[in-house]
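Got chain A sorted already, so can you dock chain B onto it with the hints?
Read top to bottom, the protein sequences are chains A and B. Each residue of the first sequence is one higher than the one before, starting from 1 at the first, in my numbering. Each residue of the second sequence is one higher than the one before, starting from 1 at the first, in my numbering.
To be clear, the hints were calculated from the coordinates, so they are not data collected in a lab. Mixed in with the good hints, there may be bad ones.
Coverage of chain A stretches by chain B, computed from C-beta distances (three or more under 8 Å per stretch; other residues unrestricted) [as the list claims (entries may be wrong)]: (1) 335-344; (2) 358-364; (3) 451-459.
Beta carbons: idealized from backbone N, C-alpha and C, even for Gly.
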Amino acid sequence: MRALEKLLSQTKKKITKSVVSSEAEEINPEKLSRCLSENLNALVKVFGDNCDFVSREFNFGRDGQYKGAIMFFDGLTNLKIINDNVIKPLMYDSRFVRSDDTGALESLEELRDKLVSVGDLKTVESISGAIDACLSGNAVLLVDGFQKALDISAKGWDKRAISEPDTETVVRGPREGFIENLRTNTALVRRKLRSPQLKIRSIKIGDRTNTQVNIIYIDGIVNPELIAEIERRLKNIDTDAILSAGNIEQFIEDSPSSVFQTIRYSEKPDTIVGKMLEGRAAIIIDGTPFVLSLPMLFVENFQSSEDYAVRTSYATTMRILRFIAFFISLFGPALYVALATYHQELIPTSLLITMAASSESLPFPAALETFLMMLSFEILKEAGVRMPRPIGQAISIVGALVMGEAAVSAGLVGAPIVIVIAITAVASFAIPFASDAVSLLKWVLLVLAATMGSFGITLGALAIVIHLASLRSFGTEYLAPFAPFQTSDLKDTLTRVPLWKMRTRPRALKPRDSKRQNFKIPYKPAEANDSGEEDRS
Amino acid sequence: MKKSKKQKLEADYFKTTKHRALSAARRLISIVICTALIFSLSSCWSRRELNTLAIVLATALDVGDKPDTVKVTAQIVKPGGIKASSTSSGGGTAEKAFSNIAFTDKSILSALGGFTHITNRRMYFSHNKVLIFGSELAKRGIAEGMDTFTRNFETRMNVYVLVSKDKAADILDEEIELEQMPANHISELLENQGLSSETAIVTVRDFNIATLSGTMAPIAPMIELYNFKEKKKARLEGTAVFKESRMIGELSSTQTRGLLWITNKAKRHTITIDTELGKIDLIITGSKGSIKPYRNKDGTIGIKLMVNAQGCLEGNETEEDLSTLENIQKLSELAEEAIRADIESSIKQAQALSADVFGFGESIRRDYPKEFEKIKDNWDQEFVKIKPMLEVEVFLNCTGGIGKPVKEGGG
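Okay, chain A solo, but in the shape it has when bound (with noise of 0.2 Å):
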């Protein structure tokens, strides 16, 4: 019974872990044979339909007595090292071996270790091994008579030129931005952090993609729960495709049903490396150029990687326009419809007067202009993102036309409604990331504030803060440093303190070293300085 439990397991595992079509499953996939031709039967067999697909077979050895194959995937490896790094040392360099050298090939590693030059080599045992490599972008060296096979790293697939990000543009600091390969994203990281500290492990997830994601961290700062935790959870990802960071980023969120995003992503690498000093953990993702970092504070909404590189003075004032823009994007609307129709006693008399003339003449009630106002400008947002650029401009001039002017002087709405959209439209892109939850909770809070009033919005707001306060990121409260209140946490938040003032790491994130540095006051000219030049003169 027991045995055919175990069997039964084996070839479960067997289903899910290879991508070896069933046909291939006939001939043992597990192992490799000894017999060349049969080995590459069998890969014949899974890649043959493909014509991107290359299989070379040739002799070598002093009288060619060795039969050879090399495998791999033309476009994804690099042709220049198959042919100077392995072919060529085999085929021509192998005739020249010395004459009291038998030439007699005892091990596949004898050839990794004499002949092939290349940096990256592994031997592989199983024709599933073979064909993850030659999937992956490696070469595979089969020779006759031997039970391995040579997993050769010659990755070289065209891939973008480094560039700056469009999300995350900045006018001091770095440009650099990731692109979609994994490993240059890695190394972007690397560079930036040369810490033996830095960790960089890998998982595989998706039956179909195969999509290598990279957990990256400082050990020794990161509270090794939280890698417990996010790999716990990218191991529990059962899906046959991951395509993006956003894909991940669904799959292993605390609340995917709310509208803020717990967990944040970035196009930079000084950011993920910010962050990760701070005691977060990034996620890197091959085929994106998003890395994700988290956990991630309500907070880290209005964080730009600017902020770091500026003047204190000027970050500060920054950070508070977001939060001021924050609010104004996402209760202008509603406020100016609560004024509008219930709170009039609220608006300045003169400012009353005003509105009262331009909305003499109006059709409409002041909350559907509002409404049809927000919509025209959510379906100009969205065209001037799908439009081709030159098209675009056009689109762009007609809807400022039509919404600015037009609608205003044909007498459709009135102009504190077109100027109370534009300040909202501007105002929520002064902010950095939750312009999504922005632009989704405003509609609520209008339709409360239509209903209800100053009282709806009241309302809305109270739950609004309610939704944040509940609101966890990999363990994290998202509000916090204020709810939970942390005075120490509160340096980065509506002010940036001197960066020589950070003295500790954010204590919500529960980092394993909180200590950042040593407090001490820049360089100021001394006292004992100046007395020193009295006595000079």
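This is chain B only, laid out in the frame that chain A set:
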């Protein structure tokens, strides 16, 4: 299986937002109920579009034509007029930006209700700035008006109260030039009175505080129409004194000034002094007045009035160099004399009316409550008997931009 302590800790640490307390269905039901309650329990549905409101900026109350009636006149904004006057730049008489509507009925509230018969828009009083009583009504009693304009939720306590010498409704018809609406003209007129300190600025709130104190006589500035180049215009002149909600008399501008010196409401004022050599103008730039009760040796309570003012030489018609110390000293004394005269005149008038417009009674109540209890009931008699001590001090701290006078060959 028992969970180890460490595992338990880990589970706590990575708590997610999943709450198991309510099942999905129960949660949905509770949300629906809560939402329904929000709509049904939150009382007033007070949505009103801006273009359905008649924004009232000023209200005038007069005695009605029929006996025992009151005429309410409201000045409402005409938004169309505002648009026209702002877009049409010059040329032709622009449409008026306001419209005055009136209704006469038995009480103020029924008259307000009557407005629904003559206007299609809802009267909106939150932006009412000015409340004018006709002097005829003021003499009969303004208790009803003050109560209505205090009790209502919409009206505010910072509405300016005025008394017109003639019909209050006529004031709202004044022909204005700089402003678009008479209501704005009147309220801004009052706000500028600090420059001369000759008009008391009284809001509904101030009026009520004075009324409620029991001993204090409420006051209100008076407004009248005058003809200027065949145009009717409004101006502020004097102060009306009330007692038991009835207007019983007036204070002249000088007497009002005296009142403002004492009650610490005077800000700036120009004092003109006639000397043998010519006229000299002094400007008072700041003043602090206080009423301080004190106990006499025989146990009775006296009142001490203190005015401490700073000022400046503003105009010099004489040929004297007034920047010398002796002259400054002399000028201060003359200024003190002028202020003293204002105060004495106003006290005289108030005692003639037997109306405690200054709040002497209030200050005694605050400082000597026990003694006040004794004199409270016949305060009117007591007030007339009071002979306050006056202490006026003027400090002149500059002579304007120049020292010596501008005269021929003076350089």
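Worksheet item: Given as covered by chain B, does the stretch 358-364 of chain A meet the bar of three residues or more with CB within less than 8 Å?
Response: Result for this restraint: holds, n = 5.
Discussion item. At least three residues with a C-beta closer than 8 Å to a C-beta of chain B: is that true for the stretch 451-459 of chain A?
Written reply: Check passed, 5 qualifying residues.
Worksheet item: How about the stretch 335-344 of chain A: do at least three of its residues have a C-beta closer than 8 Å to a C-beta of chain B?
Response: Coverage by chain B holds here, the residue count being 4 at a Cβ distance below 8 Å.
Hint compliance for this structure: no hint is broken.
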